[in-house]
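All chains should be built: construct the whole structure from the sequences, respecting the hints.
Read off the chains here:
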Amino acid sequence: MTAHITGIGVVSPLGLSREEHWKALLDGCSGLGPTRSFDSTRYDNPISGEVPHFSQEELPSRLLPATDRMTQMSLVAAAGAFDDSGIDRDQIDPLDIGVMTASTAGGYAFGQKELQNLWSKGPKYVSTHQSYAWFYAVNTGQISIRHGCQGHSGVIVADDAGGLDAIATAARRLARGNRVMLTGSVDSTMCPWGRVAHTSTGHLSKSADPRTAYLPFDERAGGWVNGEGGAHLVLRSESDGRYASVLGHGATVDDPRADPGAGLVQAIRLALDAARLRARDIGVVFADAAGTRQADGAEAAALAEVFGRNSVPVTAPKAATGRMGCGTASLDVATAVLALRDQMIPPTVNVEADASLGINLCTAAAPHRITHALVLARGIGGFNSALIVGA
Amino acid sequence: MSRRVFITGVGVVAPGGVGRDAFWDLLTQGRTATRRLSLCDPEPFRSQVAAEVDFRAEAAGLTEQQSVELDRAAQFALVAAREAVEDAGWRDTCPPGRAGVVVGSAVGATTKLEEVYRQLSADGSLWDVIPDSPAQLYSYFVPSSFAAGIAREFGVTGQSGVVSTGCTSGIDAVGNAWELIQDGILDSVVCGATDAPISPITVACFDAIKATSTYNDTPETASRPFDATRGGFVLGEGSAMFVLESEESVLRRGARVYGEIKGYASRCNAYHMTGLKADGRELAQAVTAALTQARMDPGELDYVNAHGSGTKQNDRHETAALKASLGTAARHVPISSIKSMVGHSLGAIGSLEIAACALALRYDVIPPTANLTRPDPELDLDYVPVHARKQQTDGILTTGSGFGGFQSAMVLADPEKRS
Amino acid sequence: MTARVTMDDLKRALQEGSGVDEGVDLDRDLPTKAFADLGYDSLAVLETGLRLGRENNIEIDDSVFNELDTPQQLLDAINQALESQAAAS
Numbered sequence: 022m023t024a025h026i027t028g029i030g031v032v033s034p035l036g037l038s039r040e041e042h043w044k045a046l047l048d049g050c051s052g053l054g055p056t057r058s059f060d061s062t063r064y065d066n067p068i069s070g071e072v073p074h075f076s077q078e079e080l081p082s083r084l085l086p087a088t089d090r091m092t093q094m095s096l097v098a099a100a101g102a103f104d105d106s107g108i109d110r111d112q113i114d115p116l117d118i119g120v121m122t123a124s125t126a127g128g129y130a131f132g133q134k135e136l137q138n139l140w141s142k143g144p145k146y147v148s149t150h151q152s153y154a155w156f157y158a159v160n161t162g163q164i165s166i167r168h169g170c171q172g173h174s175g176v177i178v179a180d181d182a183g184g185l186d187a188i189a190t191a192a193r194r195l196a197r198g199n200r201v202m203l204t205g206s207v208d209s210t211m212c213p214w215g216r217v218a219h220t221s222t223g224h225l226s227k228s229a230d231p232r233t234a235y236l237p238f239d240e241r242a243g244g245w246v247n248g249e250g251g252a253h254l255v256l257r258s259e260s261d262g263r264y265a266s267v268l269g270h271g272a273t274v275d276d277p278r279a280d281p282g283a284g285l286v287q288a289i290r291l292a293l294d295a296a297r298l299r300a301r302d303i304g305v306v307f308a309d310a311a312g313t314r315q316a317d318g319a320e321a322a323a324l325a326e327v328f329g330r331n332s333v334p335v336t337a338p339k340a341a342t343g344r345m346g347c348g349t350a351s352l353d354v355a356t357a358v359l360a361l362r363d364q365m366i367p368p369t370v371n372v373e374a375d376a377s378l379g380i381n382l383c384t385a386a387a388p389h390r391i392t393h394a395l396v397l398a399r400g401i402g403g404f405n406s407a408l409i410v411g412a
Numbered sequence: 464m465s466r467r468v469f470i471t472g473v474g475v476v477a478p479g480g481v482g483r484d485a486f487w488d489l490l491t492q493g494r495t496a497t498r499r500l501s502l503c504d505p506e507p508f509r510s511q512v513a514a515e516v517d518f519r520a521e522a523a524g525l526t527e528q529q530s531v532e533l534d535r536a537a538q539f540a541l542v543a544a545r546e547a548v549e550d551a552g553w554r555d556t557c558p559p560g561r562a563g564v565v566v567g568s569a570v571g572a573t574t575k576l577e578e579v580y581r582q583l584s585a586d587g588s589l590w591d592v593i594p595d596s597p598a599q600l601y602s603y604f605v606p607s608s609f610a611a612g613i614a615r616e617f618g619v620t621g622q623s624g625v626v627s628t629g630c631t632s633g634i635d636a637v638g639n640a641w642e643l644i645q646d647g648i649l650d651s652v653v654c655g656a657t658d659a660p661i662s663p664i665t666v667a668c669f670d671a672i673k674a675t676s677t678y679n680d681t682p683e684t685a686s687r688p689f690d691a692t693r694g695g696f697v698l699g700e701g702s703a704m705f706v707l708e709s710e711e712s713v714l715r716r717g718a719r720v721y722g723e724i725k726g727y728a729s730r731c732n733a734y735h736m737t738g739l740k741a742d743g744r745e746l747a748q749a750v751t752a753a754l755t756q757a758r759m760d761p762g763e764l765d766y767v768n769a770h771g772s773g774t775k776q777n778d779r780h781e782t783a784a785l786k787a788s789l790g791t792a793a794r795h796v797p798i799s800s801i802k803s804m805v806g807h808s809l810g811a812i813g814s815l816e817i818a819a820c821a822l823a824l825r826y827d828v829i830p831p832t833a834n835l836t837r838p839d840p841e842l843d844l845d846y847v848p849v850h851a852r853k854q855q856t857d858g859i860l861t862t863g864s865g866f867g868g869f870q871s872a873m874v875l876a877d878p879e880k881r882s
Numbered sequence: 023m024t025a026r027v028t029m030d031d032l033k034r035a036l037q038e039g040s041g042v043d044e045g046v047d048l049d050r051d052l053p054t055k056a057f058a059d060l061g062y063d064s065l066a067v068l069e070t071g072l073r074l075g076r077e078n079n080i081e082i083d084d085s086v087f088n089e090l091d092t093p094q095q096l097l098d099a100i101n102q103a104l105e106s107q108a109a110a111s
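Residue numbers (our numbering), protein chains in the order written: chain A, 22 to 412; chain B, 464 to 882; chain C, 23 to 111.
No lab work stands behind these hints: they were computed from the structure.
One thing to keep in mind: the hints can contain errors.
[As the list claims (entries may be wrong)] Straight-line C-alpha distance at most 20 Å; calculated EDC-like pairs for lysine to aspartate or glutamate: (1) LYS145/A - ASP83/C; (2) LYS145/A - ASP84/C; (3) LYS740/B - ASP839/B.
Put into structure tokens, the structure is as follows:
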């Protein structure tokens, strides 16, 4: 894989740009708080990781009635990534530029609004934009239109693991002839109809205290917090002005008869093989960090199996942002790239690691020599994905 | 690096009949499966025609629990995948970690989502929906559950997921699987696409943009691609699934092959979320790229399975794209749209069309464009009206266009005649 | 006397359903320019027709949208539909 990350655009509960997010993360800030965009108290999980102060003004007025909040945030992050990459559009044929995003549930709040229009008022009240504003392919389509990308593009759905699978798929597109890929994902399902889908898993945190609502790898872990945001990355086959490279990827689905961490172990080993690296080359692991005792235990056991107990530094910056569907893992890749750039491991805020898990969890920002970072993501249904970025 | 990839199993759930044989009979007899909308009350809608599957989950081999809990699209995919796997004799023949599942779907579990939405919102009267969600709701919320369910069914543990690129999902999912095998990541993939969008919210959203047919009094002839009287597409549903295998896997197993996937490419028009440019430039580029990968000239194509959705915009766009990409060969090659018979099942249709291509390779028959009795004088290619043609069919192109601007093309060939 | 839909109603429907492109002055240009010149595509025209149709409880025939270039033409079609509906009732 020769995919160089040359641009990063971030929209997160911690900030509306790459550096704002990174600084707040290193400062140990948390973006979790009481849900503002709807009344979530009735769903037994009042805390969310919402993007504050997101301004629609960066987008043309013509787009606003036609787009979900998720798409609006995705367009802002995509513009940020393209700007950051500094690519000279006059030098690149639009047919060589593709868009490969991940999606979780499409433009879900838009969908709820139109379902309500349909059922409370009738078919004539359904928007002409519903046919595409809700569907999973919307962000790729809108980004391709706004930035004139006509190359081979696509959309991957694999629950939260999709946020890595899309980046790996984009990297493979470069080997197949695209010169530039805009990838990653930005996601939001912040509406009552989205929230009940998350609560149906039984794994959403019921805590009303933002400091204890999402505590992965902690004895007190009681589920995750729903967030919104994510990151887009520009990948290029040429290495000018790059941050880091995508070196390897592995993905599996769990065999229900095997150990709960076996599929994750296999995904990590596939990624290491693809990157031609050994376990000891990995300087930091960005964990999936589901925040339930069972899933955290399985992930810790998988890490112990590959790296040994209490060895490789592990972090979960998502403790400060919540889980934003497929956006989470894409944001983790962006954050891992900044960790490589600054040789700093960002903290897992609020957490006291359960010593019995045997993981070396970084709970405070700390300088580290890192040449390669491993990012993990797991999705409901048994999806495991592992991606390695390196200098 | 690039490995050869073959289709060794085909499974179909389509309007007009469950199963590969029923599907092929319908297509080759030129019968239509479009009818008055019955899966929901047609009265409130502008378009009241649909291509529906007469599907009884338990008769199709699903358990009572599956028939209650799985979305209709997931049921279709599972039934089609079983038929494909059985057809290929593939079960338990591949190391689980070297096999994956890729499912295309444009709108996922819309039917179940709308059903649950109605319950939890008291038919749209509550914004703050009732916090009493069924345990399966998340599997409707994120359609990757479709791929996870099929992986579990066959004990597959390699890279899997859903590809969702609107109405080209059915080509792109198979293309994605093809690339995973070519790149050496997997040796075989159960892949294809499914959609079951005939639900009020989908019917209403296509009503709003006047994209669907209003031949409500003559539903059997409502889908009229390339005909002067065309009036929009007919919403359909269904699934086609395949077993795709590397050459090594095919040889090791001695599997019987339908055809080889020789080329696949996709482009974006970067123009409009629903509109198409009249010149068809990006679709033409996808076709050219797919033919280049296949190392085939346009003259080697014996059949073009068209997107042919039945909108004026598509007919012009696609005809221009075929002329631009195939040159003089466009004038001679037979072109047809099976959407005239089975409607437009959004993300699923691309895979149903690949199934039609695989069967055309095997049986050397070209399915017709039904209802094409008054050709549009502005469209001057051979659209195979009304009757199927018995004809040697060794090289096939299939095309798709979709919302979001996606333009995809795939080239298939009979490996015995073109290797 | 039938209530008529005005250019102001149409402007509001456009703004709410489709937004306004930067640099476009609807007050000045709506009566004279074509939808395309104002940055509106066929979806925006359909959305505007849908909104005005349901606000005024009228059916606008599909064929109206096939040959429609300007806001004035849409307005005329809507008012014509209003009148024929009033005449029929």
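Results for each hint:
The straight-line distance between the Cα atoms of LYS145/A and ASP83/C is roughly 14 Å, inside the 20 Å bound, and the hint therefore holds. In summary, the hint linking LYS145/A to ASP84/C is supported, as the alpha carbons are separated by about 14 Å, within the 20 Å threshold. About 19 Å separates the Cα atoms of LYS740/B and ASP839/B, which keeps this hinted pair within 20 Å; it holds.
Every hint from the earlier list agrees with this structure, and none is contradicted.
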